[in-house]
Amino acid sequence: DIQMTQSPSSLSASLGDRVTITCRASQGISNYLAWFQQKPGKAPKSLIYDASRLQSGVPSKFSGSGSGTDFTLTISSLQPEDFGTYYCQQYYSFPWTFGQGTKVEIK
Amino acid sequence: QVQLVESGGGVVQPGRSLRLSCVASGFTFSTYGMHWVRQTPGQGLEWVAVIWYDGGNKYYADSVKGRFTISRDNSKNTLYLQLNSLRVEDTAVYYCTRGGNSIDYWGQGTLVTVSS
Chain Y
18 DIQMTQSPSS LSASLGDRVT ITCRASQGIS NYLAWFQQKP GKAPKSLIYD ASRLQSGVPS
78 KFSGSGSGTD FTLTISSLQP EDFGTYYCQQ YYSFPWTFGQ GTKVEIK
Chain F
14 QVQLVESGGG VVQPGRSLRL SCVASGFTFS TYGMHWVRQT PGQGLEWVAV IWYDGGNKYY
74 ADSVKGRFTI SRDNSKNTLY LQLNSLRVED TAVYYCTRGG NSIDYWGQGT LVTVSS
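Just so you know, the sequences run in chain order Y and F.
Counting from 18, one number per residue, gives the positions in the first sequence under our numbering.
Counting from 14, one number per residue, gives the positions in the second sequence under our numbering.
Hints in this document: simulated from the structure, not taken from any laboratory.
Predicted model, so just to flag it, every value in this text is computed and none were measured.
Errors might be hidden in some of the hints.
[Unchecked claim] Here are the simulated distance ranges between beta carbons:
(1) 94/Y to 97/F: 44 to 50 Å
(2) 37/Y to 89/F: 43 to 49 Å
(3) 41/F to 41/Y: 20 to 26 Å
(4) 122/Y to 54/F: 19 to 25 Å
(5) 44/Y to 80/F: 23 to 29 Å
(6) 26/F to 41/Y: 23 to 29 Å
A virtual CB, placed ideally from N, CA and C, is assigned to each residue, including glycine.
Whole structure, please, built from the sequences with the hints as guidance.
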């Protein structure tokens, strides 16, 4: 199975800050990577697919990059509604696997 | 708009069975692969199973292989997950998700609690 490792596990940032979350795959996955946002008590929401493509309706403050084994999710200017936990997930091969999550808090 | 509505969760004893359902609307169900993803309380996400748009292919996580069965009825726009031989560690919120090449929509989830 492909292991997905996110860093950091949690972060606290101020409003307006640029926030970057990294995700590393245990083997190359080309660009078959997605990012999800989850708020407490809610279902995850899809943000990005194919490493860098925004899902419909997702604001452009979110961006993704990377290919192979190393990927990043960037929030260009952190806003109050951006708190929550972010997960990366590979869909290069079954079983699909998720990172352990990065909890984003507003300082 | 795309909607996925799960049902069928509840409290069940270890070793018993349960069937989850997911009714889809707002898109052509028969043209999309569908997945189940679960989340244990306070923990991360685990992919469980996938079924091709026509039911022709199915894949499972090792943790559920041989115990869970994914199926679909395209005439009813409904996805199913049959959970047999349930274990305490199967306790989780189970999400129905739409996936072509990647997951794009999630249901609200249904909670399965396995406890004696």
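task = Take the C-beta atom of residue 37/Y and the C-beta atom of residue 89/F, compute their distance, and say whether it sits inside 43 to 49 Å.
result = Roughly 44 Å apart at Cβ, these two residues keep to the hinted range, so it holds.
message = Given the hint of 23 to 29 Å, is the C-beta distance from residue 26/F to residue 41/Y inside that range or not?
response = violated (40 Å)
task = Using the Cβ atoms, figure out if residue 41/F sits within 20 to 26 Å of residue 41/Y.
result = At roughly 36 Å between Cβ atoms, residue 41/Y and residue 41/F fall outside 20 to 26 Å, so the hint is violated.
19 to 25 Å as the expected CB spacing between residue 54/F and residue 122/Y, which holds or is violated = holds (20 Å)
task = Note whether the CB distance of residue 94/Y and residue 97/F lies within 44 to 50 Å or breaks it.
result = Check passed, 49 Å falls within 44 to 50 Å.
inquiry  = Range first: 23 to 29 Å. Now tell me if the beta carbons of residue 44/Y and residue 80/F are that far apart.
reply    = Between residue 44/Y and residue 80/F, where Cβ atoms are some 28 Å apart, the hint holds.
Checked against the numbered hints above, the structure violates hints 3, 6; every other hint is satisfied.
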